[in-house]
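S.K.: Residue-level listing of the chains:
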Amino acid sequence: MLVYTMRRVLGALPVLVLASILTFVMIDVSGDPLADIRMAQPPPTEEVLQQAEERLYLDRSMPERYWLWVTGIGGNGDIGLLQGEFGPSTQGPHYDIGAAIAERLWTTLRLVGAAMVFALGLAIITGVISALRQYSKLDYTLTFVGFLALALPTFWFAGIMQAAGVKFNQLVGDQIFATIGDGRFRAEGAPLWDQFLNAFAHMALPTIVLMLISFASWSRYQRTSMLEVMNSDYVRLARAKGLRNHTVIRRHALRTALIPLTTVVAIGVAGVIDGAILTEVVFQWRGLGDFFITAVDNNDSFALMGWLLLSGTIVILANLVADLLYAVLDPRIRYE
Amino acid sequence: MSENGMSKSARRDPAKKRKKSSADQTQLQTILIRFSRHRPAMISLVLLGIIALFAFLGPFLWTWDHTVYKEIPSNQPPSGTHPLGTSAAGHDVLGQLMRGAQQTLKVAFTVSLLSTAFGSVWGATAGYYGGRVDAFMMRVVDIFLIVPLLVAAAAIAGNSGAGTSWSAIALIISIFSWATIARVVRGVVLSLREQEFVEAARASGASAPWIILRHLLPNAAGPIIVAATLLVAVAILAEAGMSFLGLGIQLPDISLGQMIGSARTAVSTRPWLFYPPGVLLVLICLTINFIGDGLRDALDPRQTRVRR
Chain A
1 MLVYTMRRVL GALPVLVLAS ILTFVMIDVS GDPLADIRMA QPPPTEEVLQ
51 QAEERLYLDR SMPERYWLWV TGIGGNGDIG LLQGEFGPST QGPHYDIGAA
101 IAERLWTTLR LVGAAMVFAL GLAIITGVIS ALRQYSKLDY TLTFVGFLAL
151 ALPTFWFAGI MQAAGVKFNQ LVGDQIFATI GDGRFRAEGA PLWDQFLNAF
201 AHMALPTIVL MLISFASWSR YQRTSMLEVM NSDYVRLARA KGLRNHTVIR
251 RHALRTALIP LTTVVAIGVA GVIDGAILTE VVFQWRGLGD FFITAVDNND
301 SFALMGWLLL SGTIVILANL VADLLYAVLD PRIRYE
Chain B
1 MSENGMSKSA RRDPAKKRKK SSADQTQLQT ILIRFSRHRP AMISLVLLGI
51 IALFAFLGPF LWTWDHTVYK EIPSNQPPSG THPLGTSAAG HDVLGQLMRG
101 AQQTLKVAFT VSLLSTAFGS VWGATAGYYG GRVDAFMMRV VDIFLIVPLL
151 VAAAAIAGNS GAGTSWSAIA LIISIFSWAT IARVVRGVVL SLREQEFVEA
201 ARASGASAPW IILRHLLPNA AGPIIVAATL LVAVAILAEA GMSFLGLGIQ
251 LPDISLGQMI GSARTAVSTR PWLFYPPGVL LVLICLTINF IGDGLRDALD
301 PRQTRVRR
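One line per chain: the protein sequences are A and B, in this order. Per this note's numbering, the first sequence starts with residue 1, numbered consecutively. Per this note's numbering, the second sequence starts with residue 1, numbered consecutively.
By construction, these hints were calculated from the structure, which means they are not laboratory data. A quick note: this is a predicted structure, and the numbers were derived from the prediction, not measured. We treat Cβ as the ideally placed atom computed from N, Cα and C, and that holds for glycine. It cannot be assumed that every hint is accurate.
A few chain A residues that face chain B, going by a derived Cβ cut-off under 7 Å, partial list only [as the list claims (entries may be wrong)]:
| # | residue |
| --- | --- |
| 1 | G92 |
| 2 | P93 |
| 3 | Y95 |
| 4 | V145 |
| 5 | L150 |
| 6 | L152 |
| 7 | W156 |
| 8 | G159 |
| 9 | I273 |
| 10 | D274 |
| 11 | L278 |
| 12 | G312 |
| 13 | I314 |
| 14 | V315 |
| 15 | L317 |
| 16 | A318 |
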C-alpha cells in the first residue's frame with residue numbers, strides 16, 4: 001500500500017508541473033499587466049513604465065520569468081512558489097497575493113465542502129431509490145429533476161434563490177436567510193450558538209445552489225451503478241441465501257455501488273469550483289470568486305496564475321485521494 | 001410541456017415508421033428509427049428547431065433588434081408593443097432575447113465543432129500509437145481536464161480583453177473543452193485498433209494518418225457524435241457563465257448570460273428582464289441533453305451515461 005501511495009503521489013507531480021507551465025504560458029501570453037498604466041491620463045513617463053516593468057519582472061524573458069515564478073531564485077524576495085510567494089501584484093506593491101488568497105480560501109472551501117457533502121448524500125439517496133424503483137413514477141420524476149438541474153445555469157438559479165430568500169424573510173418577518181455577504185465579520189467574538197446561526201443564515205442558500213449542479217450528475221451515476229450491482233450474481237446469491245431484502249441492499253449492493261462514485265466526485269471538483277465562483281458573485285461573498293474577478297479587472301497576471309494553479313492543485317489532490325480510496329475500497333484492485 | 005402533449009405527438013411517430021419491414025433497413029435508417037422512438041429526444045429536437053428559428057429568423061421579422069432605441073420607453077413591463085417589456089437603457093427585451101439566443105447557439109455549436117475535430121484526432125492518434133506517445137498525449141489531456149473550464153476560459157478572455165466577439169469566446173472555450181472528447185475517442189480507438197479491419201489496412205500498406213482518418217474515426221462516430229452533442233450544453237453554460245461575469249460577450253452585443261447578469265439586481269422589481277433569458281437557457285440545455293440521450297440510445301446502446 002505504501003509503495004502504491006508513493007507511486008501515485010510521484011505520478012501526480014509531473015501533472016502538477018505541466019499544469020503550472022500551461023497556466024503560466026496562457027496567462028503570460030494573453031494579458032498585459034501594464035495595460036492600465038499605459039492607458040493612464042496623462043500618459044506615464046518612460047521612467048514610470050520601466051519601474052513597473054522591473055517590479056513585475058517584465059524586463060526578463062518568458063522562460064526566465066517562469067523559472068523565477070516557481071523558484072524565486074534571483075528575484076526580489078516577493079516571488080517563488082516554492083518559497084510560498086506568489087509574485088508581485090499590479091494592485092500595488094503592498095498587495096500580497098498569497099495573503100489575500102489565504103484570507104479567502106477558507107470562505108470558499110467552506111462553501112465547496114458543504115455543497116459537496118450535501119450533494120453526495122442526496123445523490124446517493126436519490127440514486128439508490130431511483131435504481132430500486134426503476135421505471136416507477138418516482139424514478140421518472142427524479143430523472144427529470146436531474147436533467148433539469150443539469151440544464152440550470154448556476155447564477156440564474158442563485159438569483160432566483162436569493163429573491164426567494166428575501167421573500168421568505170419578508171413573509172416570516174424575520175431575517176432567517178442572509179442573502180448578501182458571507183457574514184464573516186458579524187459573528188466574531190459572539191457565543192458559539194450565535195456564530196453557528198449566523199453561519200447557517202449566510203451559507204444555507206449558496207450551499208443549496210451549489211449543491212444542485214453536482215447532485216444531478218452524481219445521482220444519475222449512482223443510479224446506473226446501483227442497477228448494475230443489483231443485477232449481479234452475488235446479489236442474486238445473497239437473495240437466494242434467504243437474506244432479508246434490507247440486508248441485501250445495505251450490506252451487499254450499496255457498498256459495491258458506492259465505489260465508482262469516488263472517481264466521479266473527484267472529477268466533479270473542477271465543476272464545483274466553477275460553480276462556487278458564480279455563486280459567490282451572486283451572493284456577494286468576499287471569497288476566491290471575488291478575488292478572481294478583481295484579479296482579472298486589474299490584469300493581475302501573477303494573481304491569476306496563482307489562482308488557477310491553486311484550483312488545479314485542489315483537483316489533482318481530489319483525484320489522488322479518489323485513487324487511493326479506490327484502492328482501499330475495491331478489493332479487485334491489487335496494488336503491488 | 002405537458003405530459004399529455006408529449007405522449008400524443010410521440011406515439012404517432014413510430015407507428016408510421018413501423019410499417020416498413022425491418023429487413024431492408026440501412027444502418028442509418030435503423031438509427032433514425034431508434035432515435036425517433038425516443039420520445040423526449042424527438043420533442044426536444046422539434047423544440048430546439050423552434051428556438052433556432054426564433055434566434056436566427058426572428059430578428060428579420062421583429063421590429064426591434066438588440067440595440068438601444070430612443071423611441072423605446074425604459075423599464076416598461078410587458079405590453080402589446082413590447083411583449084417582453086423593455087430594459088432601463090431602452091432595449092426591447094424580445095429583440096435582445098432573439099439576438100442573445102443566436103449568439104449563444106453560435107458559440108456553443110462552434111465550440112462543439114472545433115473541440116470535436118481537434119479532440120477526436122488527438123484521442124485517436126494517442127489510442128492508435130499507444131505506448132509512450134499515448135502516455136504523453138493523455139498527460140496533456142489530464143492537464144486540460146484539471147483546470148476548471150469556466151474559470152480558465154474567463155481568465156483568458158478577461159486577461160486578453162478578447163471577450164467581445166462570439167468567435168473569440170468560442171475559440172477560448174474550445175481550448176479547454178476538447179480534452180473530454182479526446183478521452184472518449186481514445187477509449188474507443190483502443191479497442192478498435194485490435195480489430196481485423198485495422199490490421200488488414202495496415203497489412204495493405206496504409207499509412208497511420210490514413211488509418212486514423214478513414215478507418216478509426218468513422219468507426220468511432222457513434223460515441224463522438226454523442227459526446228459532441230453533450231458538449232454543446234456544457235459550452236452553453238460556460239459561455240453564459242463568462243458573459244454573466246462580464247468576461248464574455250459584451251455590450252453593445254448581447255448574450256443570454258449577459259442579460260441575466262445585468263438583470264441580477266432586478267429579480268423581484270423587474271422580473272421580465274430576469275426570467276426570460278434564464279428560461280430560454282434552461283430550455284436550450286435541456287433539449288440538447290435529451291437529444292444527446294436519444295442519440296446515445298440510437299447510436300451506441302451499450303454505453304452508459306457518464307458525464308463530467
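S.K.: Each of the hints needs a verdict: does it hold here or not?
M.R.: Taking the hints in turn, this is what the structure says about them:
{"no.": "1", "hint": "G92", "result": "violated, 19 Å"}
{"no.": "2", "hint": "P93", "result": "violated, 21 Å"}
{"no.": "3", "hint": "Y95", "result": "violated, 17 Å"}
{"no.": "4", "hint": "V145", "result": "violated, 12 Å"}
{"no.": "5", "hint": "L150", "result": "holds, 6 Å"}
{"no.": "6", "hint": "L152", "result": "holds, 6 Å"}
{"no.": "7", "hint": "W156", "result": "holds, 4 Å"}
{"no.": "8", "hint": "G159", "result": "holds, 5 Å"}
{"no.": "9", "hint": "I273", "result": "holds, 5 Å"}
{"no.": "10", "hint": "D274", "result": "holds, 4 Å"}
{"no.": "11", "hint": "L278", "result": "holds, 6 Å"}
{"no.": "12", "hint": "G312", "result": "holds, 5 Å"}
{"no.": "13", "hint": "I314", "result": "violated, 9 Å"}
{"no.": "14", "hint": "V315", "result": "holds, 4 Å"}
{"no.": "15", "hint": "L317", "result": "violated, 10 Å"}
{"no.": "16", "hint": "A318", "result": "violated, 9 Å"}
In summary, the numbered hints that this structure violates are 1, 2, 3, 4, 13, 15, 16.
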